[in-house]
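Chains as they are written, first to last, in the working numbering: chain A, 1 to 281; chain B, 1 to 281; chain C, 1 to 281.
These are computed hints drawn from the structure, not numbers from a lab. Check the hints yourself; a few may be wrong.
As the list makes no split between identical chains, a pair holds if one copy fits it or if it spans any two.
Straight-line Cα separation of at most 20 Å, SDA-like style, residue types lysine to any residue; simulated pairs [claimed, not checked]: (1) Lys3 <-> His87; (2) Lys3 <-> Asn142; (3) Lys231 <-> Arg170; (4) Lys3 <-> Ile28; (5) Lys3 <-> Asp220; (6) Lys3 <-> Gln228; (7) Lys231 <-> His125; (8) Lys231 <-> Gly150; (9) Lys3 <-> Pro169; (10) Lys3 <-> Thr85; (11) Lys231 <-> Ser61; (12) Lys3 <-> Ser263; (13) Lys3 <-> Thr158; (14) Lys231 <-> Glu79; (15) Lys3 <-> Pro30; (16) Lys231 <-> Trp194.
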Amino acid sequence: MNKTIALLTDFGLSDSYVGVMKGVMLSICPSARLIDLTHAIQPQNIRQAAYVLLTAYRYFSPDTVFLIVVDPGVGTPREPIAVQTHHGIYVAPDNGVLSYVLAHLEIERAVMLHNPDYHLPGISHTFHGRDIFSPAAAHLANGTPITELGPPINNLITLNTPVLAITSPRHICGEVLHIDHFGNIITSIGFLAWTTPDTLELTPQFGQNHPTLPAFRANDWHIIVGSQQLKGIRRSYGAVPPGTLAALVGSSGQLEIGVNQGSAAQALGVTLGDPVALNRE
Amino acid sequence: MNKTIALLTDFGLSDSYVGVMKGVMLSICPSARLIDLTHAIQPQNIRQAAYVLLTAYRYFSPDTVFLIVVDPGVGTPREPIAVQTHHGIYVAPDNGVLSYVLAHLEIERAVMLHNPDYHLPGISHTFHGRDIFSPAAAHLANGTPITELGPPINNLITLNTPVLAITSPRHICGEVLHIDHFGNIITSIGFLAWTTPDTLELTPQFGQNHPTLPAFRANDWHIIVGSQQLKGIRRSYGAVPPGTLAALVGSSGQLEIGVNQGSAAQALGVTLGDPVALNRE
Amino acid sequence: MNKTIALLTDFGLSDSYVGVMKGVMLSICPSARLIDLTHAIQPQNIRQAAYVLLTAYRYFSPDTVFLIVVDPGVGTPREPIAVQTHHGIYVAPDNGVLSYVLAHLEIERAVMLHNPDYHLPGISHTFHGRDIFSPAAAHLANGTPITELGPPINNLITLNTPVLAITSPRHICGEVLHIDHFGNIITSIGFLAWTTPDTLELTPQFGQNHPTLPAFRANDWHIIVGSQQLKGIRRSYGAVPPGTLAALVGSSGQLEIGVNQGSAAQALGVTLGDPVALNRE
Chain A
1 MNKTIALLTD
11 FGLSDSYVGV
21 MKGVMLSICP
31 SARLIDLTHA
41 IQPQNIRQAA
51 YVLLTAYRYF
61 SPDTVFLIVV
71 DPGVGTPREP
81 IAVQTHHGIY
91 VAPDNGVLSY
101 VLAHLEIERA
111 VMLHNPDYHL
121 PGISHTFHGR
131 DIFSPAAAHL
141 ANGTPITELG
151 PPINNLITLN
161 TPVLAITSPR
171 HICGEVLHID
181 HFGNIITSIG
191 FLAWTTPDTL
201 ELTPQFGQNH
211 PTLPAFRAND
221 WHIIVGSQQL
231 KGIRRSYGAV
241 PPGTLAALVG
251 SSGQLEIGVN
261 QGSAAQALGV
271 TLGDPVALNR
281 E
Chain B
1 MNKTIALLTD
11 FGLSDSYVGV
21 MKGVMLSICP
31 SARLIDLTHA
41 IQPQNIRQAA
51 YVLLTAYRYF
61 SPDTVFLIVV
71 DPGVGTPREP
81 IAVQTHHGIY
91 VAPDNGVLSY
101 VLAHLEIERA
111 VMLHNPDYHL
121 PGISHTFHGR
131 DIFSPAAAHL
141 ANGTPITELG
151 PPINNLITLN
161 TPVLAITSPR
171 HICGEVLHID
181 HFGNIITSIG
191 FLAWTTPDTL
201 ELTPQFGQNH
211 PTLPAFRAND
221 WHIIVGSQQL
231 KGIRRSYGAV
241 PPGTLAALVG
251 SSGQLEIGVN
261 QGSAAQALGV
271 TLGDPVALNR
281 E
Chain C
1 MNKTIALLTD
11 FGLSDSYVGV
21 MKGVMLSICP
31 SARLIDLTHA
41 IQPQNIRQAA
51 YVLLTAYRYF
61 SPDTVFLIVV
71 DPGVGTPREP
81 IAVQTHHGIY
91 VAPDNGVLSY
101 VLAHLEIERA
111 VMLHNPDYHL
121 PGISHTFHGR
131 DIFSPAAAHL
141 ANGTPITELG
151 PPINNLITLN
161 TPVLAITSPR
171 HICGEVLHID
181 HFGNIITSIG
191 FLAWTTPDTL
201 ELTPQFGQNH
211 PTLPAFRAND
221 WHIIVGSQQL
231 KGIRRSYGAV
241 PPGTLAALVG
251 SSGQLEIGVN
261 QGSAAQALGV
271 TLGDPVALNR
281 E
């Protein structure tokens, strides 16, 4: 037992919203382990949450219940859902927040959380995280079959995939997908893997329709981001002196631009959605 | 077993203060489940902590131990106390921080934490959260009878209740009580409940001396806040277009002013304590 | 069982980095209790992390595994290590972050985390917290002998100790070591303990080479910090009126300058590393 429930929301930590959801879950499933992915998703930024979930889910055991509440449509007819896969059960609003992770997983069952037996009594119109999603996650962690929670749903909503355009074997376009706590700029250009100490391979990872790119030499590429052009893709921040910009393969396999012991976001002034290009010599 | 201890402090998360309290509690009660309500109470803001506790306690199981450390009087003669009720045991300084929640609960026993057997050895003058309150919470989670912790106390300190003045069946005055992570403005006008899809009932919730107001039509009222006047009380943020102000019943039953997918606090520039009025047509 | 793993990083809480490390650890050691010391260490500030660890470790039970990831050298040849002591096992990069705490503990065994059986497969060059340190901590919490993780290491890297110069029985110099969430200014002048209600004793605590100073009267000293001179060392913030500066012995035994119900850092404008002096009349 001792199922893990992993939480991902835009609720922040300055109110008791997250704590209250945990109270609800422990009342239903006292043995659950409650783990925070992050609660600092930008308010209502479904796409950022979808990305963060994609980078995290595989590090949790396959019986984990993921509870994602980034829900601009709360109180409107958008459906609350639960999706069972071979690597995790996902409880979330049906607004596309699961679509990046579901591009990598086979859906075994998906249901709408319509059964009032698994809601809190007297549900509010503004906090389904507490009244619908948390009870569902806790009952699933208790072993309640997903089909108990409500009727099946097909055709889940999907987000546009992040930009990844391989316009020629010499030109790749992407976008800034995330800026992390350190100011590292994480792009949509991935999944990148080192095949030898000098060569990289690119496999689209958000379900985009591009083929795997043959392995290429890391030093043959120029990276254009903001007003800067960088040469080569490095193996670690330590490969350049402190204070210097470097492009490298980040911990989730995307092209990432950072400053050794500094903030690339500050140095370059880029924001989410800005273009990033790779040009081969 | 596996009692839950729910923590509420103004310690923030940038120091190890909260982590140290958890270390102390796990040393005494290794099976305790430690849940954070929030640690982002404004420094020394007893009233904000009292409000947050009121909105949260009922979602935890009745055998929860609540540990509240917002303690401007640390090192002065204010008493450290524990209060047993039918829904939770509360460990806190006696400065009124429990008074909103205790307006809803019957006190079974209240004691002063004077027994040094349940303190850390060599208590400091600045961090009773670590030296007195955390050990008490952990011993209570272990099942130690509350009467072991010290002698009884009567006449606990109470805070002034938030403003809720029903000056006539057509005029209600309140104040801004809390501004949440999303910029939603939460007022002292509650507890509000929908009795039909169009009508609301108001029951004072902080122990104020007003009678329950008969059910009234949500569309008959104007809400005045900052320099704005809004018409009607909505059922959810989704009832108005994105970027639009709306008044509605928040997740804890109070009148709340928000912007669909935006920040009302930013739009209106109000702060804690500002007046809010309801006028009926 | 149910070992505690206490986490200390500079990762912040706005990404999923910490959550991912927890997923890795629970996959390996499902019964571990994961406690956050703080994740708000300034990026790459090894010395601040060393200080925070020193103030926290003794409040955890001796079988705790401490996981410290403040790692500017990730991807360079700095060693990942684990150090077993009579009070805790410490998993960290060998960059000095353990040196303050190890000045108080006897090292039983120290190893380099070289055994790939205890790494995640396919380790990244940028996130050893996930790929090397978290698995090591979880295996140690599972009871894996530390010698399994890799070969021994001697001569761990140590940081310069914080400034504490007892230049005469009438002059003590130190520095600002930490500024906490409340704006309290915590100095390197400690460990201070009250021997009577009026007298204090000073024992250097970071392994500095000064003798214990004989007990002295708290009211005989002037404290110089920023442009201010304060007279006497108080027992608690409550000993001065709200809004007033006071010097006192903080909860970890260091000389601390604060404002009762206010922020000393704001009032004095000092920053980390600024000098603090004690002069005796």
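> With identical chains treated as interchangeable, where does the CA-CA distance between Lys3 and Pro30 reach 20 Å or less: within a copy, between copies, both, or neither?
Replying inline: both (10 Å within a copy, 9 Å between copies)
>> Within, between, both or neither: how does the pair Lys231, Gly150 come out at a Cα-Cα threshold of 20 Å?
In response: neither (54 Å within a copy, 37 Å between copies)
>> Please sort Lys3 with Gln228 into within, between, both or neither, judging by C-alpha distance up to 20 Å.
In response: Neither way: Lys3 and Gln228 sit 47 Å apart in one copy and 48 Å across, limit 20 Å.
>> At most 20 Å between CA atoms: does that hold for Lys231 and Arg170 within a copy, between copies, both, or neither?
In response: within (14 Å within a copy, 59 Å between copies)
> 20 Å Cα cut-off: does Lys231 pair with Glu79 within a copy, between copies, both or neither?
Replying inline: Neither: 47 Å inside a chain and 29 Å across chains, both beyond 20 Å.
> Between copies, within a copy, both or neither: which fits Lys231 and Trp194 at Cα up to 20 Å?
Replying inline: Classified as within; 17 Å inside a copy, 60 Å across copies.
> Should Lys3 paired with Asn142 be assigned to within, between, both, or neither, using CA atoms and 20 Å as the limit?
Replying inline: both (8 Å within a copy, 18 Å between copies)
> How would you classify Lys3 and Asp220 at a CA-CA limit of 20 Å: within, between, both, or neither?
Replying inline: Neither: 47 Å inside a copy, 49 Å across copies.
>> One pair to classify: Lys3 and His87, alpha carbons no more than 20 Å apart. Within, between, both, or neither?
In response: Answer is within; shortest intra-copy Cα gap is 13 Å, inter-copy 26 Å.
> Can you tell me if Lys231 and His125 fall within 20 Å by alpha carbon in one copy, between copies, both or neither?
Replying inline: between (52 Å within a copy, 19 Å between copies)
> Checking Lys231 and Ser61: alpha-carbon separation at most 20 Å within a copy, between copies, both or neither?
Replying inline: neither (39 Å within a copy, 50 Å between copies)
> How would you label the pair Lys3, Thr85 (within, between, both, or neither) given a Cα cut-off of 20 Å?
Replying inline: within (16 Å within a copy, 31 Å between copies)
When held up to the earlier numbered hints, the structure conflicts with 5, 6, 8, 9, 11, 12, 13 and 14 and fits the remainder.
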